[in-house]
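Undergrad: All chains should be modelled from the sequences, with the hints used to inform the complete structure.
Chains A and B supply the protein sequences, listed in that same order.
Sequential numbering of the first sequence, starting at 2, is according to the working numbering.
Sequential numbering of the second sequence, starting at 2, is according to the working numbering.
Each hint should be verified, as a subset may be incorrect.
Which copy is meant is left open, so a pair is good if it fits within one copy or across any two.
Taking lysine-lysine pairs in the DSBU-like style, the calculated list, with each CA pair at most 30 Å apart, reads [to be verified]:
1) Lys-95 <-> Lys-15
2) Lys-4 <-> Lys-72
3) Lys-95 <-> Lys-4
These are computed hints drawn from the structure, not numbers from a lab.
Please read all numbers here as calculations on a predicted model, not as lab measurements.
There are 2 protein chains.
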Amino acid sequence: MIKKISHIAIVVPKLEQATSFWAEALELNVSHQELVSDQGVSVAFIPVGESDIELLEPIDPTSGVARYLEKRGPGMHHICFEVDDMDATLARLKAANVPLINEEPTMSADGKKIAFVHPKGTNGVLVELYELPVTVQSTESGEDVRQRLREGLRDGRNIYTAGAKAFLSGIRHGRQPENT
Amino acid sequence: MIKKISHIAIVVPKLEQATSFWAEALELNVSHQELVSDQGVSVAFIPVGESDIELLEPIDPTSGVARYLEKRGPGMHHICFEVDDMDATLARLKAANVPLINEEPTMSADGKKIAFVHPKGTNGVLVELYELPVTVQSTESGEDVRQRLREGLRDGRNIYTAGAKAFLSGIRHGRQPENT
Numbered sequence: 002m003i004k005k006i007s008h009i010a011i012v013v014p015k016l017e018q019a020t021s022f023w024a025e026a027l028e029l030n031v032s033h034q035e036l037v038s039d040q041g042v043s044v045a046f047i048p049v050g051e052s053d054i055e056l057l058e059p060i061d062p063t064s065g066v067a068r069y070l071e072k073r074g075p076g077m078h079h080i081c082f083e084v085d086d087m088d089a090t091l092a093r094l095k096a097a098n099v100p101l102i103n104e105e106p107t108m109s110a111d112g113k114k115i116a117f118v119h120p121k122g123t124n125g126v127l128v129e130l131y132e133l134p135v136t137v138q139s140t141e142s143g144e145d146v147r148q149r150l151r152e153g154l155r156d157g158r159n160i161y162t163a164g165a166k167a168f169l170s171g172i173r174h175g176r177q178p179e180n181t
Numbered sequence: 002m003i004k005k006i007s008h009i010a011i012v013v014p015k016l017e018q019a020t021s022f023w024a025e026a027l028e029l030n031v032s033h034q035e036l037v038s039d040q041g042v043s044v045a046f047i048p049v050g051e052s053d054i055e056l057l058e059p060i061d062p063t064s065g066v067a068r069y070l071e072k073r074g075p076g077m078h079h080i081c082f083e084v085d086d087m088d089a090t091l092a093r094l095k096a097a098n099v100p101l102i103n104e105e106p107t108m109s110a111d112g113k114k115i116a117f118v119h120p121k122g123t124n125g126v127l128v129e130l131y132e133l134p135v136t137v138q139s140t141e142s143g144e145d146v147r148q149r150l151r152e153g154l155r156d157g158r159n160i161y162t163a164g165a166k167a168f169l170s171g172i173r174h175g176r177q178p179e180n181t
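TA: Below you can see the structure in the form of structure tokens.
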């Protein structure tokens, strides 16, 4: 059900300064950096084994991450698990009376299903859950997937379409909520 | 150099209550639980992919973990990376002027080299580094290793001796500090 730790997110004031420890000093590499405008953050991805360290720099002072940084200072922000079946996972958590921030998953631009569990049900830890599109092979690393999506964009294929196709393919293969 | 995330440690007031989310609701299993008297904590290990979630319950009110819980409440406490060569890693961090809690590694009862990096050099994150004894195969999971060590204890072999043997074996194979 839970496959692995997808990433650990760390809030930092400035990505450039933070990578001097999290990448250079640790001999790790920033695989990819992107602006997530709707969350008001700039993100650097640093693969470690099967997981990623995700450094988050708030670029919008009104964003949740900016308020977190102001209130608590830099540090670990959330842990994200990759699950194989988001609908089944959320159903199970609801049945166990675990408080959820997202009762229904949201869909990211690249076709991931995403939901957050409320820290009051997890001993104060913000927990994110990811389900990758069914077109993504579990043997691919996070960077493989991002690279393939970037290539897809360069090829003129639309990742929104890819996400929708993945979703529809899931339904065709009997993965709709009532069957899980 | 860094092989993977070994574990994410989470401070909780009571292990029994915490495992209702971190194990049962997430369909994960507590592989092992132990009392680490010299750190004043009771620890539950929950394997996830190649890593572990480690739940820490302070049992000594004067311990560092108890003070952390009192001051900051429950939540993520530290992240631990497995490194292949602790001496080389610490030398590299010193050269990069990263502040260390342990300038020299300490040796755990089961033969691991352990060192902590100071949060003031890591954007507020307490970072632990582990080097497993050279007798431990990298393909073994944390639980495999713990199981083998428990079996070793049952067989009357002493894990302290195993740690010392691993250390001496490392030296024999040219892994002493001046060669790294």
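Undergrad: Now, for every hint given, state plainly whether the structure supports it.
TA: Against the structure, the hints come out as follows:
In this assembly of identical chains, the alpha carbons of Lys-95 and Lys-15 lie at most 30 Å apart only when taken from different copies (22 Å versus 37 Å within one copy). When the C-alpha separation of Lys-4 and Lys-72 is checked against a cutoff of 30 Å, the pair qualifies neither within a copy, at 33 Å, nor between copies, at 33 Å. Taking identical chains as interchangeable, the C-alpha atoms of Lys-95 and Lys-4 lie at most 30 Å apart only when both belong to the same chain, with a minimum of 20 Å there against 36 Å between chains.
Of the numbered hints stated above, the single one contradicted by the structure is hint 2.
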